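Q: Top to bottom, those sequences are chains A and B.
Residue 1423 is where the first sequence starts when you use the working numbering, and the numbers rise one by one after that.
Residue 4 is where the second sequence starts when you use the working numbering, and the numbers rise one by one after that.
Don't read these hints as lab results, they were simulated from the structure.
Treat the hints with care, as some may be off.
Stated by the list, open to error - Computed list of chain B residues with no C-beta within reach of chain A, every gap over 10 Å:
{"#": "1", "residue": "D58"}
{"#": "2", "residue": "V85"}
{"#": "3", "residue": "V89"}
To be verified - Partial pick of chain B residues on the chain A-facing surface, computed with a CB cut under 10 Å:
{"#": "4", "residue": "T50"}
{"#": "5", "residue": "P71"}
{"#": "6", "residue": "L76"}
{"#": "7", "residue": "G84"}
{"#": "8", "residue": "E88"}
{"#": "9", "residue": "Q91"}
{"#": "10", "residue": "Y93"}
{"#": "11", "residue": "W96"}
{"#": "12", "residue": "V100"}
{"#": "13", "residue": "Q102"}
{"#": "14", "residue": "F107"}
{"#": "15", "residue": "D109"}
{"#": "16", "residue": "L111"}
{"#": "17", "residue": "V118"}
{"#": "18", "residue": "G120"}
Claimed, not checked - Some chain B residues judged to face chain A by a derived CB distance under 8 Å, without partners named:
{"#": "19", "residue": "P83"}
{"#": "20", "residue": "P94"}
{"#": "21", "residue": "A110"}
{"#": "22", "residue": "A113"}
Model, not experiment: these values are computed from the prediction.
Heads up, the beta-carbon is just placed ideally off N, CA and C, and yes, glycines get one too.
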Amino acid sequence: MCPPSRPEGRAPGPTATSPEEAAWRVALVGAPNVGKSTLFHRLTGRYVTVSNYPRTSVEVTYGVGRLDGHVVRVVDTPGLYSLSPTTEEERVSRRLVLEEGIDALVHVVEARCVARSLPLTLELMELGKPLVLALNMVDELGRLGLELRPDLLAGRLGLHVVPIVAVTGQGVEGLERAILGAIRAGEPPEPLGRRPDVAAAIEALEGALSGRYAMPRRAIASFLLQGDEDTRAMVEAAETDGGRRALEALRRAAAGTRDGTAYRSAVERHEVARSVAGDVLEATGERRVRVAERLGRWLGRPLPGIPVLLVVLWLGLYEFVGHFGAGILVDWLERSLFLGHVNPFLEGLFRGIPWPWLRGLWVGDYGLLTLGLRYAIAIILPIVATFFLFFSVLEDSGYLPRLALLVDRLFKRIGLNGQAVIPIVLGFACDTMATMVARTLETRRERILATVLLALAIPCSAQLGVILAILSGQPVALGLWVAVLAGTFLLIGAVGARVLPGRSASFHMELPPLRVPRASNVVRKTATRLHWYLLEVIPLFMLASVLLWAGQVTGLLGRVLDLLHPVVGALGLPRQTASVFLLGFFRRDYGAAGLYELQRTGALDMVGLLVSAVTLTLFVPCVAQFLMMWKERGPKIAAGIFAFAVTFAFGVGFVLNLTLRGIGL
Amino acid sequence: MERGRVRAHGKGGGFLRRILNGLGAGRRAGSTGPASLGSAPGTARVTLLDLEPGDRATVAGLEEPRSPEGRALASLGVLPGVSVEVVQRYPAWIVRVDQAEIAFDDALAAGVRLVPGATAA
Ligand SMILES: Nc1nc2c(ncn2[C@@H]2O[C@H](COP(=O)(O)OP(=O)(O)O)[C@@H](O)[C@H]2O)c(=O)[nH]1
Ligand SMILES: [Mg+2]
C-alpha cells in the first residue's frame, strides 16, 4: 500500500528516474548481528554502494538485485532493537525504515531469539507496509535443541514467514518469492495484540490528525502515544493548527500513566511476543554448549580475559601492524619501489621544468609526488590497511563487545564507558576517523572527553609505526614512552571527567556469540574503511604538502622555524627537531618520519630521541584531525584542545628532559 | 515466603550485603509512594544486584522506565515477565535473556526489579 499522496521524495540513496526504471525498494530491518548484511549480499550481488548516512558516521549500504525480472533496490540498515531509538544507529535505521517509497520491509531475526525479536515485528506491522519475516540461522537450532514451526508463526502473525540460512543461501529463493508476493499483493499486515485501552487511545489520536504523512496516521498516532519526539515535530509541522488538537488528544490519552506509554506499549508487545514464541518455538532436545560459547565466557572475565586482551593487542598492534605493516611492507614499498624506481623516474620526468620553485612543488624535498605520494602510498597505506584488517577481524569475530565490557570499569574512571573502546581503539589506526566515530557516544561530555584523549594520548598508526621502529631497539625508552602516554591517558581522562560538566551514559550492549570471522566480511569491512580513508584523509595530506611547499618557497617556513628554535632548545633538543615538530602538525607521520631521519643521522642521543618522541606524540593533532575536531565538536572546543595539547606536550617534554638528564641517563 | 530473598548468600559478605540491601530498599520504597508490581508493603525489594552468577529470576519491573537506563534495559528486552539468568557480575554484568546474552553495568542492574522467590541454579 502506498500513501495516498506522495510529497516530493528527498530520500538519500538511489532513486528511480523514470517510470520504466521504477524499481521496487526493499529495506532489511532487524537487530545488529542477525545476518542482515549477509542476506543483503545474497540478494543484491554486485551493484553495491556504501555511504555514510548524511551527518552521521553510520554506514548505510544500498544495492540492486533482481526478483523475477524486476529490479529491486535493497537497503541494508545498521540495526535497531525497536522503533523508539536510543542510539545513533537506531535513529538512522528508523529513518530508513520510515522513508517514503519503501515497498516492502524484511524483518530479519535470529531464529533462536524469536521471543526477543517479535516485539519489533509487532511494531513494524503497524507501519502499514508489506512485511516479510525472515527467520535466519535456522542451522543453529538443532545444536540448541530447539524446534521452530514457521507455518504456525505465519498463521499467528498473518505474515509471510520464511526460514533461511543466509550464509549458505538456503531458503533465500523462497524469501525472494515471499517478498515479491508481499509487494504484489500490496497488503499491509493487520496490527496485532494491542490492549483495548491502547487501541482506543490510538484511534482517538488518529482522529485528531488531518495532515499529510508518509506513513499511515495510525502509525503516527502510535508513535505519538509512545512519546516519540521526532514524530511530535513531524505532527507540529504537518497539521494546520500546528498540532494543537493532536497534542491535546495526546495529553488526554497519556494522562494517568505513571510509567509512560512507551514503556507500557513495550511491555505489552513483549507479552504478546512471549506468548506467540512459546507456541512456535519448542525445546525438544538437549542444548549443546559449543567451544565458542565457553571461550566467549572466558574472554569476558578478568581472568583470563585481560591477559588474553594484552596478547591480542600485542599480536595485532605490535607484531602485525608494527612489524609486518610498518616494517616489512613499508620497507619494501618505500625502499624498493619508491626510492629505487618511482622517485628517480619522476625526477627524470620533471627535470625538463626550468623553474626550480615549480619543479619543487612536484619532486623536491616537500614535493607532492616524491614526498606526498610516497608517504601516502608507501608509509601510510600499508600501516593503515594492516590496522583496518586487524580491526575488522576483531569486529567480525564478536570480540569487541567483550573488550568493551572488560575495560568498562577503567573507562568509567575517565568519564567514559566500555562503549568508547571502539573510537579509542580505532584511533590507533587513524585519529581523524576515530574523532568522527566518537559521535556515536551518547552524551556531549563523553564526545568531548574522547576527542581530547584521541588528540593527546592516542598515537595514530602512521605515527605508531614509525615510533615503534625508532624505539624498538631500546626497551627502556620504549617502556618510558608507553608509560608516559598511558599515564597521560588516565590522568587527563580522570581530570577531564571531574571538570567537564554533564553526565556520562551507562554501559550496555548485546553480546553476540563468538564466531570465526568470515573472510568476505573482513575484506569488505577493511575495504570500506580504506576507501573512506583514501577519499577523506589523503587529499588533506596532499593539501598539507602544498602548504609546506608554499611555506618553503615564500620563506615563511624558515621564519616559523626560527620561532620554534628556542622552544626545542629548552627541551634540550638540537635545532633540526623544530622542523620535525612543524611537520608533525601538518601530518603526524611526516613528523615521525622526520624523527626517523634524525635518528639515522645520529643527531639525537637516547634521551633526546625519547623526549622528542613523547613530545611529538602528545603534540597537536594533524591538520586532518584538527579539521575533523572543528567540524564535529565546534571551533571553540577544537581551538581549546589545540592550545592545551601544545602547552601540555612541551611541558611534559621539558620535565621529562630535566628528569632524565638530572638522574644522569 | 515472607521476605523476598532469592537465596541466602552464605559466606562472609552476605549478612552485610543483606543489611545494605534492606536499607536501600526501604529508602526507595518510601520515595516512590505506593508500591507497584510484585512487592507487598514491608517486603524488601529484590533487584538484579541480589543475584549471584547461576541464579535465575523473573523480571517484575523497571525502577525508572523513563530514565536513560530504563530505556536501555527496555531496548535490550529486559521487561516485566522476562526470565533472566546471571552469567557473571564482574567486571560487568552478563545476563542471559531468552537465548541471548547482554552486558551492562551496575547502574542498569540496580534498576531491574525481580519477582521475589526466584531460584538458584
Ligand atoms: N550460523 C550462521 N551464521 C550466520 C548466518 N547468517 C549470518 N551469520 C553470521 O552472523 C554474523 C553477523 O552477520 P551480519 O550479516 O554481519 O549481521 P548484521 O549485523 O545483521 O548485518 C556474521 O559472522 C555471519 O557470518 C546463518 O544463517 N547461520
Ligand atoms: Mg550489517
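Q: Indicate, hint by hint, whether the structure satisfies it.
A: Tested hints:
no. : hint : result
1   : D58  : 16 Å, holds
2   : V85  : 7 Å, violated
3   : V89  : 12 Å, holds
4   : T50  : 15 Å, violated
5   : P71  : 6 Å, holds
6   : L76  : 7 Å, holds
7   : G84  : 6 Å, holds
8   : E88  : 13 Å, violated
9   : Q91  : 6 Å, holds
10  : Y93  : 7 Å, holds
11  : W96  : 9 Å, holds
12  : V100 : 7 Å, holds
13  : Q102 : 5 Å, holds
14  : F107 : 4 Å, holds
15  : D109 : 9 Å, holds
16  : L111 : 6 Å, holds
17  : V118 : 14 Å, violated
18  : G120 : 20 Å, violated
19  : P83  : 6 Å, holds
20  : P94  : 5 Å, holds
21  : A110 : 4 Å, holds
22  : A113 : 10 Å, violated
In summary, the numbered hints that this structure violates are 2, 4, 8, 17, 18 and 22.
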